[in-house]
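**Q** Each chain is listed here by its residues.
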Amino acid sequence: MTTTTDLRSRVEPDRVHGSLYTDPAIYAQELERIWYTTWVYVGHTSEIPQPNDYVRKNIGPQQVVLTRDRTGAIHVLHNRCSHRGNLVCDADRGNSSSFRCPYHGWTFANTGELLGFPFNQGYGGAQAKERLAGLGAAPRVESYRGFVFASLAAEGPTLREHLGAAAERIDQLCRLSPEGEVELTAGWVRHEVTANWKMLVENETDGYHPQFVHSSIFSISGSGIGALYSDKSTAVTRALGGGHSENDLSPEFRKLGVPMGWAGTPEARIPDYAAAMRAAYGKETGDEIMINGSPHVMIFPNLFIAEIQLFVIQPLAVDRTVQHVTAIQFAGAPDLNRRLVTQCVGSVGPAGMLLADDAEMYERNQRGVAQRQPEWLDLSRGLQRERTDERGFTVGTATDETSMRAMWAHYLTLMDPA
Amino acid sequence: MDDDGLVASEFATVRVSLDTQGNSPRLRLEDLRSGAVRFLDALELESIVWAPEGFLRELLDPSRHRWRDDGSAGGGP
Amino acid sequence: MTAVEEGTIALAEAAAFLYREARLADAWELEAWEALWTDDATYHVPVDDAQDPRTHMSIIFDNRNRIATRIKQLQTGKRHSQRPLSRLCRSVTNVEVLGQEGTDTVVTSVVQVLESRDRGSTWWVGRVTHRLRRVDGELRMAGKKVVLVDSDRALPSMSFLL
Numbered sequence: 001m002t003t004t005t006d007l008r009s010r011v012e013p014d015r016v017h018g019s020l021y022t023d024p025a026i027y028a029q030e031l032e033r034i035w036y037t038t039w040v041y042v043g044h045t046s047e048i049p050q051p052n053d054y055v056r057k058n059i060g061p062q063q064v065v066l067t068r069d070r071t072g073a074i075h076v077l078h079n080r081c082s083h084r085g086n087l088v089c090d091a092d093r094g095n096s097s098s099f100r101c102p103y104h105g106w107t108f109a110n111t112g113e114l115l116g117f118p119f120n121q122g123y124g125g126a127q128a129k130e131r132l133a134g135l136g137a138a139p140r141v142e143s144y145r146g147f148v149f150a151s152l153a154a155e156g157p158t159l160r161e162h163l164g165a166a167a168e169r170i171d172q173l174c175r176l177s178p179e180g181e182v183e184l185t186a187g188w189v190r191h192e193v194t195a196n197w198k199m200l201v202e203n204e205t206d207g208y209h210p211q212f213v214h215s216s217i218f219s220i221s222g223s224g225i226g227a228l229y230s231d232k233s234t235a236v237t238r239a240l241g242g243g244h245s246e247n248d249l250s251p252e253f254r255k256l257g258v259p260m261g262w263a264g265t266p267e268a269r270i271p272d273y274a275a276a277m278r279a280a281y282g283k284e285t286g287d288e289i290m291i292n293g294s295p296h297v298m299i300f301p302n303l304f305i306a307e308i309q310l311f312v313i314q315p316l317a318v319d320r321t322v323q324h325v326t327a328i329q330f331a332g333a334p335d336l337n338r339r340l341v342t343q344c345v346g347s348v349g350p351a352g353m354l355l356a357d358d359a360e361m362y363e364r365n366q367r368g369v370a371q372r373q374p375e376w377l378d379l380s381r382g383l384q385r386e387r388t389d390e391r392g393f394t395v396g397t398a399t400d401e402t403s404m405r406a407m408w409a410h411y412l413t414l415m416d417p418a
Numbered sequence: 419m420d421d422d423g424l425v426a427s428e429f430a431t432v433r434v435s436l437d438t439q440g441n442s443p444r445l446r447l448e449d450l451r452s453g454a455v456r457f458l459d460a461l462e463l464e465s466i467v468w469a470p471e472g473f474l475r476e477l478l479d480p481s482r483h484r485w486r487d488d489g490s491a492g493g494g495p
Numbered sequence: 496m497t498a499v500e501e502g503t504i505a506l507a508e509a510a511a512f513l514y515r516e517a518r519l520a521d522a523w524e525l526e527a528w529e530a531l532w533t534d535d536a537t538y539h540v541p542v543d544d545a546q547d548p549r550t551h552m553s554i555i556f557d558n559r560n561r562i563a564t565r566i567k568q569l570q571t572g573k574r575h576s577q578r579p580l581s582r583l584c585r586s587v588t589n590v591e592v593l594g595q596e597g598t599d600t601v602v603t604s605v606v607q608v609l610e611s612r613d614r615g616s617t618w619w620v621g622r623v624t625h626r627l628r629r630v631d632g633e634l635r636m637a638g639k640k641v642v643l644v645d646s647d648r649a650l651p652s653m654s655f656l657l
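Line order of the protein sequences matches chains A, B and C. Residue numbering for the first sequence follows the numbering used here, starting at 1 and increasing by one per position. Residue numbering for the second sequence follows the numbering used here, starting at 419 and increasing by one per position. Residue numbering for the third sequence follows the numbering used here, starting at 496 and increasing by one per position.
Quick caveat, the hints were computed from the structure, so don't treat them as lab data. Be aware that one or more of the hints could be misleading.
[Stated by the list, open to error] Quick look at which bits of chain A chain C covers, simulated, 3 or more residues with Cβ under 8 Å:
| # | region |
| --- | --- |
| 1 | 186-195 |
| 2 | 209-220 |
| 3 | 330-343 |
| 4 | 356-370 |
C-beta atoms are modelled at their ideal positions from N, C-alpha and C, and glycine is treated no differently.
Taking the hints into account, I'd like the entire structure generated from these sequences.
**A** See below:
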């Protein structure tokens, strides 16, 4: 097992050691200290709208079931029968007040409570329910504007404390709906990469790579995205605390000054949406929301909101990660939502015109860091020009590695809490 | 319930239909995994609507009905 | 003006078309492959074939414009997930003519592709539905849908022409 002293010697302010991506002992420690301790995004309330709805989800390699009970309360249950450890739920989603294990028929309420088992005389009668365990449940489950997070630790910071300023980015996203709500109803594409999960987290708000990795699509599609991440861009990279970070592109979108310019969708193509936004927020505020655009924020450790799509990062092994992705859908915006699905499907997933190339970089990177020399990965870009903004956040230019440095600093506080 | 009257989840598959062979209509429930059938008349259905929450929870205990081992009648309606 | 000729396409001709399409895709004959599509074509690789691709996520759901974009992206030589190009060999089997839908003949088949890359080899298998149409005397694809056996699982990158 890697000792924490060891770990501190592998993370420096401007570089990190390659073994952090390849060492199975460090990965095992990350599961315990990060994935099974801190708040992890699990799912969205729109995926379980009705009482007794459930969906299967995950917390890293842990399979969980996100349920809404008959009273509306939300639970995150481990998918493991308390009898012999069998998986209780098979279906990706369903509606049931209770779950019956296929192995011996043990039956649990969707709150996790054990309701009974066949032939109970073998346990001395029905009262045995009192001493036998139910399904394991995440001790802490909280949601913020429909985004459900769980912590497998009984104690720790609250979800609001964990999210900090990143909560404002969720607010920004929800405001793009005339009803103030996001709906994740478009289904998921799952993309597996042979790479460590942190390669993905770091890439999500790395503004240095798009012009290189995505030049093939930018050059032929006339996309303005490349320019957002140039040295001339007024966009910034901001560390939001708690390991969260963003590429704040809104200065560029404001320069554009066109409602929905951020989405590359002329207002004339989505007149119902634009009208609904102005009706909901008033002309001035509605226009401002539609000009400022959607966030590009990485909420540590696994939720990445990238303007029109939402990614959930799931580590499965030290060098195996699944990225789950869906098109964000806004309540009360059917005309916009269809365009978002179309746009998102073209960009993401195994065949995506953007994400297949990101994935190629993760995988090449994973093979690269396994090579012996020079051992370290450089994180120094923009360190000399970093500043602190009026709210005390560290800010770099659009292409600086401010977000990675902040992620690693937070990583150390979790991995070595002393 | 789908067009064929199926109410199904990964845990159970039941066909629900309206039976009019008796002197009043009743609900016919068929457990498609075992073939067992039960009829529910209007008053029985009303009673289920008004039953306390604990009533259904108790019914979901497998030892309460189908898988009893105390010698009393079990194994189907 | 293009002339669309109605009438069901025979099995042998449909199969020959499918084999040719497979060969062009394997050999990265991008322009020749692109020329097989009609102007109103759709190219679809669903996650869940029961869902409407206009409202639900797909692995690929391209209209004719996007097929062109996909080809152009590969032609830039900077599509990193295809640098170097995957080495491919596919077999097309179980070809059946299912019937006629308007001007199009619906043909089903099974495709198995072995893709070789640095990351290792991936075996892609799916049930394919082609909508074939005779335009100006030549067969064209008006639609191609590939339902992969493992479409609802986590898949590695798939940036070649399936």
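**Q** All the hints need checking, so say for each whether the structure fits it.
**A** Going through the hints against the structure:
no.	hint	verdict
1	186-195	holds (count 9)
2	209-220	holds (count 6)
3	330-343	holds (count 4)
4	356-370	holds (count 7)
No hint from the list above goes unmet by this structure.
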